[in-house]
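Guided by the hints, dock chain G onto chain D, whose structure is given.
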Amino acid sequence: MRHFLLGSLGYDALPFYSTIATLAASVVVLGALAVLVFVTWLKGWGTLWSGWLTSVDHKKIGIMYVVVSFVMMARAVAEAAVMRSQQAVAYNNPGFIPPEHFAQLFTTHGTIMIFFMAMPFLIGIYNFVLPLQIGARDVSFPVMNSISLGLTTAGAVLLMISLCIGKFSTGGWTGYPPYTELSFSPGVGVDYWIWALTLSSVGNTMTGINFAVTVYKKRAPGMTLFRMPLFAWTALCISILMIFAMPPLTVATLMLAMDRYLDMHFFTNDLGGNMMNYINMFWLFGHPEVYILILPAFGVYSETIATFSNKRLYGYTSLVWATVSIAVLSFTVWLHHFFTMGQDGNVNAVFGIATMLIAIPTGVKIYDWLLTMVRGRIRISVPMLYACAFMMLFVVGGATGVMLANPGFDYQVHNTLFLVAHFHNMLIPGLLFGMLSAYHYWFPKAFGFRLHEGWGRVVFGCWVGGFILAFMPLYIVGALGMPRRSRNSSRPSTNPISGSHSVAPCWCWPLLPA
Amino acid sequence: MAQSVQGKGPSHIGIRLSNSAPASHREEARTQAEEALFGFWIFLMSDLIIFSMLFVTYATMGHSLAGGPGPHELFDLSSAAWETVALLASSFTCGLATLAMRYDRSLAKTLLWFAITLFLGLVFLSLELHDFMTMASKGGVPSRSGWLSASWALIATHGLHVTSGCIWMLIMFVQAAKFGLDPLVQTRFMRLALFWHFLDIIWIGIFSIVYLLGVLS
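Those protein sequence lines, which keep their order, are chains D and G.
Be aware that the first sequence starts at 1, since it is given in this note's numbering, and climbs by one per residue.
Be aware that the second sequence starts at 1, since it is given in this note's numbering, and climbs by one per residue.
Chain D on its own, in the form it takes in the complex (with noise of 0.2 Å):
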């Protein structure tokens, strides 16, 4: 065992390796004090303490959900116009970030972005939202919803630390071996993202069985399945996905851990080591989150549109089974994230058409959405506001996924833009927007008044402009052929559009009152 976890601390753990990262763990250790000393100010250790971190009201538990995913959303999103700023300046010149630091930023944000902002966002809404929806006191497990709790926050506190004192993966959010292996990424980096991802997944998995028992068990005298709201039947689904799902990364991570702390050869490159099973088996948790990550935003669409419209919800019975469709179907395209690591043609295409698939349930969905609309008295508030954008932005980011599935172009665009474009494509409005759209939603039963509509609106308008500015370029040029978490670039004709998507972040929008 060459180092315990996570290395030994000396002057080179801290972060002078670029003044980037210099600035940015000082702001994390300036905003930790701040708040530590405001919390004291207040009085507040008393309160924070009883009322909150130790409480098991699934209420207070989903907000701090969303707290926590907040903090991170600000950090990677910050992360992400840097990196952008980078690229935009980097033409035939090295730009202002060391390459080391660059990978470091790409593996945070999509770590973040993935496990630390958007689980937590939806886990939280779920907590607040489904058992109020079914009629059920709290969730099955009160206790284990708080370790729970504990458990992804630990896993975002490491990746904070990582910030400070040492330093991160520079192996991507997905940390393929053998790069990651030891002989290859020596340093304390792939520990810290290790154990960030195998602490949120156990985390996860909890979630995921607590859900799942709560909806089956907990609801009340009359609630049958089919008169449940559509957000609990995404809640049922994202829980079987998780339960499901989650092991396979569990795994995964600690069988890396395993080859790095304990000299084993899973996914080395020597002594019989096979990467492929590491891929695997990432994918095969990776291909469900990605639907954990959007369903619970379906479910959120098919509460606002139905609200908004004044009108019941269109097709009910078709959008719980395209939920559970896309549930079953999730498990069986995992392969598409590696169309071109050597199998079998034949392989391909049957991953390429179960892939394609998917778009059919999706379809049904947006339909009914739409149906749903007609002919309602549509008020155009900002939850409505973000799931029109959504039906809009989505079906350009689905199209380019069909695109996708089919193996003879994803070798053309594999790690290119285009790839990027497509998977922020479909997050940003069918995880984010879904989220933010609840959060505007649901905020007035969790805290007694409604957000400010006007600035929701700013908001809005800021997000979905930028999201636009910053991806839908990003198509063209990944098309062009620009390989993704590219540092620099030298190539003429992808330069300008580049250079034009550094305007994106506007996240000024979190927590604006009345």
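The hints are simulated quantities; they were obtained by calculation from the structure and are not laboratory data.
Some hints could be false.
[Stated by the list, open to error] Partial list, derived from the structure: chain G residues whose beta carbon lies under 8 Å from chain D: (1) E34; (2) G39; (3) M53; (4) F55; (5) T57; (6) M61; (7) L65; (8) S79; (9) S145; (10) G146; (11) S149; (12) A150; (13) A153.
We put the beta carbon where it would ideally sit given N, CA and C, even for glycine.
For chain G alone, kept in the frame of chain D given last:
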């Protein structure tokens, strides 16, 4: 189904909760037991995914010996067979323990059968430990090859589960001594029993796929 057991108060499949309490409490205890057991079944399903990943990894690494020792040199089938006997027998005694808890409602009998289960579990673990040491002494350490990493990880994950089951049993002895067979203790024993049978099924997989297929093929 279990409701009908001579009308002696509410019960769940597998357990019968105390009927000395007032009816409303019994109903609540029954609901709680049902939720807890259902949740535990779901946990077992996700744990099964962990084992299936380990099995699949093992299956794909069958030829990754990298010149190191293989199943013929390393596995001792008779030792594995004795481990199987111990674990299967412990599953049987574990079943007797839950039956004693349900039908005899006797703390002493329940604890006796669980104690025998624990003893057999420890026999299994010591045999397994002995196997591991023999393997290591023959050069079959997990860092030698991909196949060895996969087999150690699979077998040891099961072994760690059995170990935690044993520790859990010890904790339950303390709880049972302190609280008797109250509803909470009963549901915990029931979950422990589920866990124990589950590990038995996993072991049958390990014995067939790792040991039998490894040595006989």
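Please write out, lowest number first, the hints stated earlier that are contradicted by the structure. Of the numbered hints, 4, 8 do not hold.
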